[in-house]
Amino acid sequence: MSLYTRLHRLLLQRLPPLQFSSNYFLRNQDFVRHSMTNLASPTMEPEKFLDEEDVPLEKDSPLNNLVLLRTLQEIRAAVETIDVFTVPIPSRSANAVLSSLRAIVPTSLQHLRRLVKPCYIPDPLVDSLAVPPTPPEENILYLLVCPVTDISEEDLRDFLQDLPAFATTSTIPRIMTVAVPSSQPISAAQATEWSAKYWPAVYKRGNPYGPHPSIVSQALRGLFDPEKHILLAKQIATKAASSGEGLGFGAVIVDPQTRQVLAVAGDARLRCNEKGWGNPLDHAVMRAIDMVAQRRLGRTQHVRPDSKVEVWDGVYLEDEEASCRMVMRVDGNSDIKNEDRNGNANGGSKKEADDRRDDSYLCHNFQVYLSHEPCVMCSMALLHSRVGSVVFGTRMTRTGALNAEEGGRQIGLFWRTELNWKFVCWQWKAGPGGEIESHENVDA
Amino acid sequence: MQSALQSATIALHSNEVPVGCVFVHNSRIIASGRNDTNRSLCGTRHAELVAIDKILATHPPSIFKETDLYVTVEPCIMCASALRQVGIRKVYFGCSNDRFGGCGGVLKVHEGDKVNGGGGYEVVGGIYSSSAVVKLREFYVQENGRAPAATSKKGRELKTDNLPVDVDIL
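So the sequence lines, in the order shown, correspond to chains R and B.
Sequential numbering from 1 applies to the first sequence in UniProt numbering.
Sequential numbering from 1 applies to the second sequence in UniProt numbering.
Read the hints as simulated data drawn from the structure, not as lab findings.
Just so you know, these numbers come straight off a predicted model, no measurement behind them.
Just so it is clear, CB atoms sit at the ideal spot from N, CA and C, and this is done for glycine as well.
Don't take every hint at face value.
Unchecked claim - Which chain B residues face chain R? A few, computed with CB under 8 Å, are given here:
| no. | residue |
| --- | --- |
| 1 | S40 |
| 2 | L41 |
| 3 | D53 |
So here's chain R without its partners, still in its complex pose:
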């Protein structure tokens, strides 16, 4: 099989964007040979990657209410384009031109097709690139050369002109400039969108700018009773506000392994001590994290030496009877502890001090449900506590530290490369309980 036929078949095989394709497209001979073995076997490896996240959620799944937060880097990456050179070359000399080019410009832009048939040039570029309307006598391919910053147009022209592909027919290389996304797409959908708008793109099934799709999928499907727990967080928020002890913010921490609700806390910054003032830092999240620690410490020690910490909103570890009552009450009202009752054979509430597992560390991989997007302090507290997933209800555009989208502070604290821990984060849109309005300038 001639090299041309191989290339042709590869192109047919690999365009439009394949979700699973490797991005080493036509980088060298080795790859061509490699691909041939793949082509020969219809059950090539990627097939088995058709995994969970490609299976859509059931229509009535509560998980449909969850909107995954984009990371700061993802948002930045989605908008940046750079100018690159492209030049039409005769198909049969494609490989020769490519190998020669490697000597003068570095290989980059691995998320974009290096060689593109005229029919796959995106519509917006067809006119400016003067793509021939019908296949010409001699097939051409559009070669994506390199960013314009890598080489000057004159140097590139001189170089190309000396190559046999152009020298033998003494044609002048038609070098053009196009704007393409500077970073790789983070989903198959984005690759398809870019392929139609900028340049045929390759989705690598990876995500250098945020959580890998399989991590997101695992975390999403690992959420334990999200609907109940977000509702509980909202209920506790309402309770905090109506009690006058705090603002209308609530937090719930769940251990997905034991399927136990470990902490339920409302905001308590207005709760006065015996001296007559409150602690402005008694936010729902901080209190919930304290509660988890207090459960582990048991009755002999206090998380905060100067103030007693509850293990449930309004319940102290010392007060065992009350603790049972509280659990029962929540049982009756919202069914929250049902799982506990079934799973732990009635022992859940009595043994609260004993449910610590020796291998557990802080809030490692716990799931957190919040009525509102937390402030900088609370978001970082969650990060320090190594939580696994966070779901919040209302976005706080002025004070929230998790969202990275425009229209807020764009901190995106849940996934930042500088920090030593990252977690997956969703906003829960709509019900149950609706979004709770709040003073926008307040730190939740």
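Using the hints provided, position chain B relative to the given structure of chain R.
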């Protein structure tokens, strides 16, 4: 700052990451704090928050606007935000913290916010920073069976097991 370093030393001897702080009001130390995360099993018990708790047991929150903090290491993002929310006047710190720092290290939580009209506080770094760094190094050369890193790395390994081989996760 000497007192803050002493608190850090106590933390070191208690097998805690050696960070210490003192809050100063009218030239008088009103509270000291040291890192307490390992004992309390609670990742938020940083020196600053421990000391703020102590202050609030005897003083109203309004005292912070006339109070300065001296802390051996740049406050982390969480503490920087907490200090802002209690309304601290000024923060002096030792070494900067390029892993978690909220006063310039990673984020600049202390800076006034144009949208909300101020609310920030002034920071001065680099005071006895080498002593603070040495304290931290003393801690990190120790063998620590409960080292958080070990646990979290274990967790990360577990996650990669389920991934296709050709991707880099982080």
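* To do: Return the status of the interface hint for L41 of chain B: holds when the least beta-carbon distance to chain R is below 8 Å, violated otherwise.
  => holds (5 Å)
* Asked: Does D53 of chain B meet its interface restraint, that is, does its C-beta lie within less than 8 Å of any C-beta in chain R?
  -> D53 of chain B check passes; min Cβ-Cβ to chain R is 5 Å, inside 8 Å.
* Per the CB criterion, is S40 of chain B less than 8 Å away from chain R? -> With Cβ-Cβ at 5 Å, under 8 Å, it holds.
Hint violations for this structure: none, all hints satisfied.
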